[in-house]
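Q: Single-letter residue listing:
There are 2 protein chains.
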Amino acid sequence: MPDKFRGNLLALAVMVCLYERPMHPYEIVLTLRQRHKEESVRLNYGSLYAVIASLLKRGLVAVVGVERQGRLPERTVYCLTDSGKEEVHQWMADLISTPTREYPSLAVALTFLPVLSPDEALRLLKERALSLETRLVQGQASLQWVQRHGLPRLLWIEAEFLLRLTEAELQYVRELIGEIEAGTLEGTDFWKALHESQELSLGIILSEKAQYPEETGIRAGGQGTAPRKRTRHG
Amino acid sequence: MPDKFRGNLLALAVMVCLYERPMHPYEIVLTLRQRHKEESVRLNYGSLYAVIASLLKRGLVAVVGVERQGRLPERTVYCLTDSGKEEVHQWMADLISTPTREYPSLAVALTFLPVLSPDEALRLLKERALSLETRLVQGQASLQWVQRHGLPRLLWIEAEFLLRLTEAELQYVRELIGEIEAGTLEGTDFWKALHESQELSLGIILSEKAQYPEETGIRAGGQGTAPRKRTRHG
DNA sequence: TTCAGGGTATTCTATTTAGAGTACTCTGAA
DNA sequence: TTCAGAGTACTCTAAATAGAATACCCTGAA
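Just so you know, the protein sequences line up as chains A and B, in that order.
Heads up: the first sequence is residues 15 to 248, going by the working numbering.
Heads up: the second sequence is residues 15 to 248, going by the working numbering.
Hints in this document: simulated from the structure, not taken from any laboratory.
Watch out, some of these pointers could steer you wrong.
In this list, chains with the same sequence are indistinguishable; a pair is considered to hold if it fits within one copy or across any two.
[As the list claims (entries may be wrong)] Result set (DSBU-like, lysine-lysine): computed pairs, CA atoms no more than 30 Å apart in a straight line:
no., residue 1, residue 2
1, 206, 99
2, 206, 71
3, 140, 71
4, 140, 99
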């Protein structure tokens, strides 16, 4: 059970469902949906059946039987095998013990922020802040609702965690807005000048001339790519 | 330029590179790497050429020419078209203004945390906390290095942001560890009992009997799936 | 009565994706 | 001198992915 097949976390969700009892694919979807797991696991039909086929091939799930109701399509019922249970454990352990590099879309956007004008960036960041606030309020309300209805917190920690990340994001966005407005974000002057002239010489956006650390050995990532020396071509 | 094609953020990175000047694909990779953009954009050869082909097909980039050095493979040089520039703007604007649902892998893991025993979970969470601390220290050092070498902060905000998220995650993980150890995480007693008996009746992991909000209208997500009524089958 | 609208359950298909593979060049140490 | 090792530049392929499409069922309002 190498981690080569650990691509889609939906596979884990499927296996955990089958841990409970045998189900057919559509029933798995309904279960996950009903329990709001679609908020932490990306869920869609296209992947579902492919993922199950892959689990079947690898012997992690097995076919229990085939049902049929009227002339609706057949429902193949699957169960978790022993090696499936083992895989669930192993996968969970890896997932928790080892942080992986994630690529939140805002990180990409911030990377290339200078392609937008400061004014535009400011407007858009404020818009985002607003959305985040709404999301936060709704999320908190949702959490409170759940609490009032006696669902133990243990079963909602993922929602709590997601909310924390949202809070952190909002806080950062707010700080950024403040600093751009105040002009205390180092580089803002240049950024403004860039967009006041007609032609964007966007080399600067990727900091063409800037001195980047070429070989520091200091990398934020865990097991990132091997460091590379500088190269020139042409 | 609908957002149907907005799948891979590498496409955005490629276009921003070409904003600067025409390049051939491999040169784009080198540029992004040299400037440490691989830390915020998922980068690999397999996708690169496919992504560029797709941009070409949609008229967002165009072929400027083909070079060749010795008997090395040909280098096709691409440039950004006008509609490519527009698309960069539009995409950036959407990316910043509208938060999307993200699926950090820890969220999934927490969702299914009860499949592991509390002791195991605790051990693994501590391991993660350690990794996160290391990553944090390295990231901070990296940021300081950059600052000392005069790179304006504007060009490093994505790293700052990523670090913030890591901090938030670490903080949450620490709190969780504390609460599990102290037994103040509501549901822990049950969780322990579950793993002390032989057979895991894991229905509870997905909280089979629990009352979920079926139709509250309160959803954390922005434009999530339409709310669904409960269903029963079999 | 009939048919819109929503639920059930899966399949299909065009893209994407990851990562290995290929095939060449250059440098420098033994 | 020769050849390992690193870099250059792209291609290939198996697999995964998203989401539309299919095809059926049921309920209830006009």
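Q: When Cα atoms must be at most 30 Å apart, do residue 140 and residue 71 count as within-copy, between-copy, both, or neither?
A: Answer is neither; intra-copy 49 Å and inter-copy 34 Å both fail.
Q: Is it within, between, both or neither when you check residue 140 against residue 99 at 30 Å Cα-Cα?
A: between (46 Å within a copy, 23 Å between copies)
Q: With identical chains treated as interchangeable, where does the CA-CA distance between residue 206 and residue 71 reach 30 Å or less: within a copy, between copies, both, or neither?
A: neither (57 Å within a copy, 34 Å between copies)
Q: How would you classify residue 206 and residue 99 at a CA-CA limit of 30 Å: within, between, both, or neither?
A: Classified as between: cross-chain Cα gap 19 Å, same-chain 57 Å, threshold 30 Å.
In this structure, the hints that do not hold are numbers 2, 3, in rising order.
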